[in-house]
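Chemist: Take a look at the letters that make up each chain.
2 protein chains.
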Amino acid sequence: MMLAETLEACQAEAFRRLARGVADRLCPFHTPTLATIGDDGAPELRTLVLRGFDPAARTLRLHTDARSGKVAELSRDPRCALHLYDPAAKLQLRIAGRASVHGEDAVADAAWAASRPFSRMCYAILPAPGTQVDAPPPAPRDAESGRGVFRVILLRFDRLEWLELAAGGHRRARFAWGEDGLSESCWLVP
Amino acid sequence: MMLAETLEACQAEAFRRLARGVADRLCPFHTPTLATIGDDGAPELRTLVLRGFDPAARTLRLHTDARSGKVAELSRDPRCALHLYDPAAKLQLRIAGRASVHGEDAVADAAWAASRPFSRMCYAILPAPGTQVDAPPPAPRDAESGRGVFRVILLRFDRLEWLELAAGGHRRARFAWGEDGLSESCWLVP
Chain X
1 MMLAETLEAC
11 QAEAFRRLAR
21 GVADRLCPFH
31 TPTLATIGDD
41 GAPELRTLVL
51 RGFDPAARTL
61 RLHTDARSGK
71 VAELSRDPRC
81 ALHLYDPAAK
91 LQLRIAGRAS
101 VHGEDAVADA
111 AWAASRPFSR
121 MCYAILPAPG
131 TQVDAPPPAP
141 RDAESGRGVF
151 RVILLRFDRL
161 EWLELAAGGH
171 RRARFAWGED
181 GLSESCWLVP
Chain W
1001 MMLAETLEAC
1011 QAEAFRRLAR
1021 GVADRLCPFH
1031 TPTLATIGDD
1041 GAPELRTLVL
1051 RGFDPAARTL
1061 RLHTDARSGK
1071 VAELSRDPRC
1081 ALHLYDPAAK
1091 LQLRIAGRAS
1101 VHGEDAVADA
1111 AWAASRPFSR
1121 MCYAILPAPG
1131 TQVDAPPPAP
1141 RDAESGRGVF
1151 RVILLRFDRL
1161 EWLELAAGGH
1171 RRARFAWGED
1181 GLSESCWLVP
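Line by line, the protein sequences are chains X and W.
Read in order, the letters of the first sequence correspond to residues 1 to 190 in the numbering used here.
Read in order, the letters of the second sequence correspond to residues 1001 to 1190 in the numbering used here.
Treat each hint with caution, since some may be false.
Said to hold, decoys possible - Just the calculated beta-carbon pair ranges, DEER-fashion:
hint	chain 1	residue 1	chain 2	residue 2	range
1	W	Met1002	X	Arg116	22 to 30 Å
2	W	Asp1040	X	Ala113	33 to 41 Å
3	X	Met2	W	Asp1040	27 to 35 Å
4	W	Ala1106	X	Phe118	48 to 56 Å
5	X	Met2	W	Thr1131	19 to 27 Å
6	W	Asp1109	X	Ala113	54 to 62 Å
7	X	Asp134	W	Ala1166	13 to 21 Å
8	W	Met1001	X	Phe118	18 to 26 Å
9	W	Gly1103	X	Ala113	50 to 58 Å
What the hints assert, rightly or not - Take a look, some chain X residues computed to stay more than 10 Å from chain W by CB distance:
hint	residue
10	Ala9
11	Trp112
12	Ala143
Simulated from the structure, these hints should not be mistaken for lab results.
Each residue gets a CB set at the ideal place from its N, CA and C atoms; glycine is no exception.
Please work from the sequences and hints to get the whole structure.
Modeler: Structure representation (structure tokens):
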């Protein structure tokens, strides 16, 4: 029994699982991996929390700190990729698109307003993330002073690959979108 | 209670968990994410199975198909990154280094000889992985004919970042190696 039998069902199931990844903190899709191009041109990747998904706009929302390496990297090259893997479902999604970074606009204001105090605290850390220190710093206690460095990453994707592993034959499908919506939908050899 | 209290303990625990990732198929470190630079310069990433780890050489072993995009990508730019995340342990490892691809040498012969028939079958698939097809192809039944396209990726890493999440304060550490061994070992602001 595969998760989806048709291309349409694969796309619908991928979108359904992205939405569940936002809502369900225990779901593996809650913590995807974001890849960017580092300042030396080599790839960089790290876990982020999937905070939002707008299926109509095909945007995924992630939160970060203005002082993080990924903000600098996305400013230089907004092309990025997101990877999600559910070992129990044996399902991988590979997503590619471009990111915009929001700090002082309504997107960031809304995300900050909806965030919990515990989540806000990490943005209050000093000195900046990635700074070398003599000992691990304690967790910040201040939930509000981090607003200035809080950033929202909106990843608008135009490519999605579905890969479901199964003993009877893996299933791999590619979806791409252009200005007029879905432009490609096909099976690939896995 | 943190997984490791000192820099030395972080490095030892990271290496121990890489070894466990090879041996334990149920461990999240068994299926890391590999990032490469795609042919358009944007990042590409996908799940692979961690097949081997040589701590003395700092090499991680992964298997792939000569016809896959990642082999072409690593031929153009061997710089790559590997990401491992254990949600239960709240531990992330970020690994960076350079990959070599092996097909017709002792490294590949040994890896093929040690692989199971079930693992060998996927290399027998036709046409090449990534080819557009009208319907998902069935799983190949032939365990031997794939040897010609079987490839080993050896990722030799020179940088490793440890990140352990904890309510009392996250712990982040960076390790780097040069020609004479460990060249950097420090705490970072998380």
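Chemist: Against this structure, judge whether each hint is valid.
Modeler: Verification of the supplied hints:
no.	hint	verdict
1	W/Met1002 <-> X/Arg116: 22 to 30 Å	holds, 23 Å
2	W/Asp1040 <-> X/Ala113: 33 to 41 Å	holds, 37 Å
3	X/Met2 <-> W/Asp1040: 27 to 35 Å	holds, 31 Å
4	W/Ala1106 <-> X/Phe118: 48 to 56 Å	holds, 52 Å
5	X/Met2 <-> W/Thr1131: 19 to 27 Å	holds, 20 Å
6	W/Asp1109 <-> X/Ala113: 54 to 62 Å	holds, 60 Å
7	X/Asp134 <-> W/Ala1166: 13 to 21 Å	holds, 19 Å
8	W/Met1001 <-> X/Phe118: 18 to 26 Å	holds, 20 Å
9	W/Gly1103 <-> X/Ala113: 50 to 58 Å	holds, 55 Å
10	Ala9	holds, 12 Å
11	Trp112	holds, 20 Å
12	Ala143	holds, 14 Å
Hint compliance for this structure: every hint is met.
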